[in-house]
Amino acid sequence: MDSRPKLHYPNGRGRMESIRWALAAAGVEFDEEFLETREQLQRLQNGNHLLFQQVPMVEIDGMKLVQTRSILHYIAEKYHLFGSDLKEKTLIDMYVEGTLDLLEMIIMHPFLKPDDQQKEVVGMTQKAVLRYFPVFEKILRDHGQTFLVGNQLSLADVILLQTILALEEKVPHILTSFPYLQEFSVKISNIPTIRKFLEPGSKKKPPPDDSYVRTVYTLFAP
Amino acid sequence: MAAKPKLYYFRGRGRMESIRWLLAAAGVEFDEVFLEKKEQFEKLEKDGRLLFGQVPLVEMDGMMLTQTRAILSYLAAKYNLYGKDLKERVRIDMYVDGTMDLMMMIMLTPFKPPEEKEENLALIVKKAKARYLPVFEKILKDHGEDFLVGNKFSWADVQLIEAILMMEEINASILSDFPLLKAFKTRISSIPTIKKFLQPGSQRKQPPDQHYVDTVKHVLQL
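Respectively, the protein sequence lines represent chains A and B.
Start counting the first sequence at 916; every next residue gets the next number (our numbering).
Start counting the second sequence at 11; every next residue gets the next number (our numbering).
Excised from the complex, chain A in its bound form (with noise of 0.2 Å):
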């Protein structure tokens, strides 16, 4: 019987919180070792078992498996969320890759110098409203179909709803003006998986806080 994936990163969203999203989507339960301390960081460097010497790391399949977008393919793969031909999973791929892009400015925000944090709250709102969030309104109302790609639940639309609740978290209204997210929200956030993660005590992490900050710091700061 194959073990649950052990997932090794700060306990908090991070670059991990996709993987986690990924993992709780597909109904694969994970267990977590949480970094607190650079001296559990060094030994996992030193013990050889991060690859480049850094996190995300996933313990899966005997494999000990690093890189954000690895991880996610693997286990978009793995467990049936990567379409059902390389057309599909290509389209895939693109959305992933572009709403990483956004999340990629989530994920550092809380990193910067706080007269930025606010200037990049902005920034972060006009890249979803202007580049992003038009393009999934307009493939969902082309299509008219609950899904973004092949009529069924995949990596994309995973990432896509991740993307859109942490973005609501700073900005509550951003959905205003595309009511094709909004019902795509409702409906892929009550998926039973993915409703079950959106619920209390789940592995789904709260939002960035000073703490989280702190330890990342201690952790990684040369």
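Check each hint, because a few of them may be wrong.
Using 30 Å as the maximum straight-line C-alpha spacing, the simulated DSBU-like pairs for lysine-lysine come out as follows [to be verified]:
{"hint": "1", "chain 1": "B", "residue 1": "Lys94", "chain 2": "A", "residue 2": "Lys921"}
{"hint": "2", "chain 1": "B", "residue 1": "Lys162", "chain 2": "B", "residue 2": "Lys192"}
{"hint": "3", "chain 1": "B", "residue 1": "Lys148", "chain 2": "A", "residue 2": "Lys993"}
I should point out that these hints are in silico values taken from the structure, not numbers from a laboratory.
Since chain A is already given, all that's left is putting chain B on it; use the hints.
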């Protein structure tokens, strides 16, 4: 009969260069449209050919492909450079992602303030020697095979040789402590399709100069 892939980008390396390398490695001929004026870019956007308003854009197989990694994954899958199963694929993905992290540092250097250039290049060399090159040297040492994954030429080998050659442009002796990578470089360079791409007159682009930086800033209105 399928038309040749058509690449839309600036006349220079940037994010398109890895795509040129992979097509060339696969022995696939391609055409290029070089963006020199902002009106060309605006037309591509207006015509709806740029999913998120960005290049690289590759038109092939009836699709408008954007997002560098999505394009590369598509090419790797289509031209059998992606390993034989999911386990090989995830290893190729991890190696490529790590290599691309390093290459991204090199790619961004011309766009940073000139007074930071020396420091940036020194950091790149340091990261390459401490974090990335030892990993690939060890992989080759551990299995003793000619190629990084599965004893077969793959996208991972193409990405690595591109990175090695770029780094040698920054620091000619960067492989001095890595004998297996030196042999790897020689071996991969003599694969017929790669050898052809390395000859003068191929579609391989020159290192970025001021004209390239100015063109990018003009076209993208940065």
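Comparing the hints with the structure gives:
1. B:Lys94 <-> A:Lys921: 26 Å, holds
2. B:Lys162 <-> B:Lys192: 18 Å, holds
3. B:Lys148 <-> A:Lys993: Roughly 28 Å between the alpha carbons, so the hint for Lys148 of chain B and Lys993 of chain A holds.
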